[in-house]
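Asker: Here are the chains, one letter per residue:
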Amino acid sequence: MRFFTNLSSLSQRRVLQLRNLLFVLALLPLARLVAFGFLGRLGANPIEFITRNTGDWALYFLCITLAVTPLRKLTRWNWLVRLRRMLGLYAFFYVALHFTIFFWLDHFFDVQEMWADIVKRPFITVGVLAFALLIPLAITSTNGMVRRLGGKRWQWLHRLTYVIVPLGVLHFWWVKAGKNLLAQPILFSAIVALLLLTRVLSEKNRERLAQWWSRRGAGNTEAMGIVLMKEGK
Amino acid sequence: MLIKIRPDQIDIPLASEITPQEVYASRRAFMSKVAAGAIAGSGLLGVGGAFAQPATARKLPARLNSAYAVMDKPTAYQDATTYNNYYEFGTDKADPARTAGTLKTSPWTVSIEGEVKKPFTLDLDALMKLAPLEERIYRLRCVEGWSMVIPWIGYSLSALIRKADPTGNAKYIEFVTLADKKQMPGLSDPILQWPYTEGLRMDEANHPLTLLTMGMYGEVLPNQNGAPVRVIVPWKYGFKSAKSIVKIRFVKDQPKTAWNMYAAQEYGFYSNVNPDVDHPRWSQASERRIGEDGFFARKRKTLMFNGYNDVAGLYTGMDLKKYF
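Chains as they are written, first to last, in numbering that gives the first Met the number 0: chain G, 0 to 232; chain P, 0 to 323.
Some hints here could point you the wrong way.
Coverage of chain G stretches by chain P, computed from C-beta distances (three or more under 8 Å per stretch; other residues unrestricted) [as the list claims (entries may be wrong)]:
#1 63-70
#2 170-180
Derived CB-CB ranges, DEER-like [stated by the list, open to error]:
#3 P/Asp179 <-> G/Ala192: 31 to 39 Å
#4 P/Asp124 <-> G/Lys119: 20 to 28 Å
#5 G/Pro121 <-> P/Asp202: 34 to 42 Å
#6 G/Val199 <-> P/Lys103: 41 to 49 Å
#7 G/Leu193 <-> P/Thr120: 51 to 59 Å
#8 P/Ala158 <-> G/Leu181: 49 to 57 Å
#9 P/Thr101 <-> G/Ser8: 50 to 58 Å
#10 G/Thr99 <-> P/Ala68: 47 to 55 Å
#11 G/Ala192 <-> P/Ala262: 20 to 28 Å
#12 G/Ala115 <-> P/Pro118: 47 to 55 Å
#13 G/Thr139 <-> P/Tyr261: 39 to 47 Å
#14 P/Gln253 <-> G/Leu26: 50 to 58 Å
Read the hints as simulated data drawn from the structure, not as lab findings.
Ideal placement from N, C-alpha and C gives every residue a C-beta, glycine not left out.
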């Protein structure tokens, strides 16, 4: 129990330490790829290996980033939010690596050829779209940008995440569908759907719903109040 | 017309560039021991992991048929036996090499059925003796956009077709492959309709390039490469070359084939290697040669019919964009 009380209020210093630790941990997938490259352990088709691996890690980090807020609410570990920016930037980092491999090793920086590929193939279209939408989020991730935009507008912009992550999963789904390998895409879809559902069913939304309900008819207000009370609101 | 030949496509390897197979074998044996030791040491998994490559792979003597040997440098044995699409043994290309040890290749029979004068079965021994074994070095182009060069051992399928003595009704040939849950862990995944089936038009099956294959790299086929008997159709995408065949049926109508049944708009019955007809999800104009093209090298151009222009005559007058 003590362990949990400690976690619910971490000191500034602890959070920073944790963030540094996470910074290093999040680099391990890349370090592993580099090490595998030097050890000749990327298999018979190294480019396929690193393409898939960076794509996988991009999806992992997108999901982890999306999980921060629900986890914070569930545990009331409010310091979790202070790790979110770095996790999001790592998602961007792995997406950018994934895209770079595509741009470089598939198309050798031939923009025209790459563009033809992007418009012709839906799975690439959505993948590149997801990457493009991530760019403004990465750019506006600094404290200065948050100030300049103002909290409200910044938050609205960053809700793009709710579009980006499903696009990423759709990209993955369409890649795997070619060979009828849908187990992983289904798992990712379920996780992302769950994480997005927590937003839809958030406290605020439930309150909004209750207000809307009460405005519809006074008779229902009481009932809704009871529901909220039961849930400890 | 100026024909450019990339120097690396006519490169004949120096003997020193190819690691001798004994060296591979000893390296593998060593790694197996190390792995087995580690597993035993951990005390969690027990001893005796299934290693697909037997310690003593059986040699399969055959004379090189230089008329059917491309000059490209053969793919390393290690790559050709650890990077396999064989969904019956798992969907990851590293899976078959790990899990195909459970495949029992002896005894093995192939039954010849359908539009033939008299159906019969052949055991592997009889199959091996049906015609002289030849070594042929073929390019192998996977529909996924990578390629290898493999020294196969076998003989033209036409020899078996002659023996089968098909009736005039036989317009197509269907290959039915093994589907045994006890031996093939991948069958529990309903990814494709098992058994995996493939097929060819009769004239394609009779083309001398179509190889009934029992070995590769001087040995009997490793399990993960489709042991004990498969077909190799070098001008078509790799999935047309059915593995671990148990039944060959001569039929009147175009047979249903595994990938075509899954997605007809993506995998045609013919599936000839064709740089001008893209797979809906990726371009087929170029390919990566496994183990050969450098990490930062541009992909090489894919050749029509995988470079086997001899077969063009089979498709005269056919719109290959329609019959892809």
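Asker: For every hint, state whether the structure bears it out.
Answerer: Quick rundown of the hints versus the structure:
Beta-carbon proximity to chain P at under 8 Å applies to 0 residues in the region 63-70 of chain G; the threshold of 3 is not reached and the given coverage is violated. Here's how the region 170-180 of chain G fares: 6 of its residues keep a CB closer than 8 Å to some CB of chain P, so the rule of at least three is met and the hint holds. The given range of 31 to 39 Å is respected by P/Asp179 and G/Ala192, whose C-beta atoms sit roughly 38 Å from each other. Roughly 51 Å separates the CB atoms of P/Asp124 and G/Lys119, a value that falls outside the hinted 20 to 28 Å.
Between G/Pro121 and P/Asp202 the C-beta distance comes to about 37 Å, which sits within the given range of 34 to 42 Å. At about 53 Å, the beta-carbon gap between G/Val199 and P/Lys103 misses the expected band of 41 to 49 Å. The hint said 51 to 59 Å for the Cβ distance between G/Leu193 and P/Thr120, and at roughly 54 Å that hint holds. For P/Ala158 paired with G/Leu181, a C-beta distance near 42 Å fails the hint of 49 to 57 Å.
For the pair P/Thr101 and G/Ser8, the beta carbons lie near 55 Å from each other, so the given range of 50 to 58 Å is met. G/Thr99 and P/Ala68 have their C-beta atoms about 39 Å apart, which leaves the hinted 47 to 55 Å range violated. At roughly 25 Å, the beta carbons of G/Ala192 and P/Ala262 sit within the given window of 20 to 28 Å. Restraint check, G/Ala115 to P/Pro118: a C-beta distance of roughly 52 Å satisfies the suggested window 47 to 55 Å.
For the pair G/Thr139 and P/Tyr261, the beta carbons lie near 44 Å from each other, so the given range of 39 to 47 Å is met. Between P/Gln253 and G/Leu26, the C-beta spacing of about 54 Å keeps the proposed range 50 to 58 Å intact.
The structure does not agree with the numbered hints 1, 4, 6, 8 and 10 stated previously, though it agrees with the rest.
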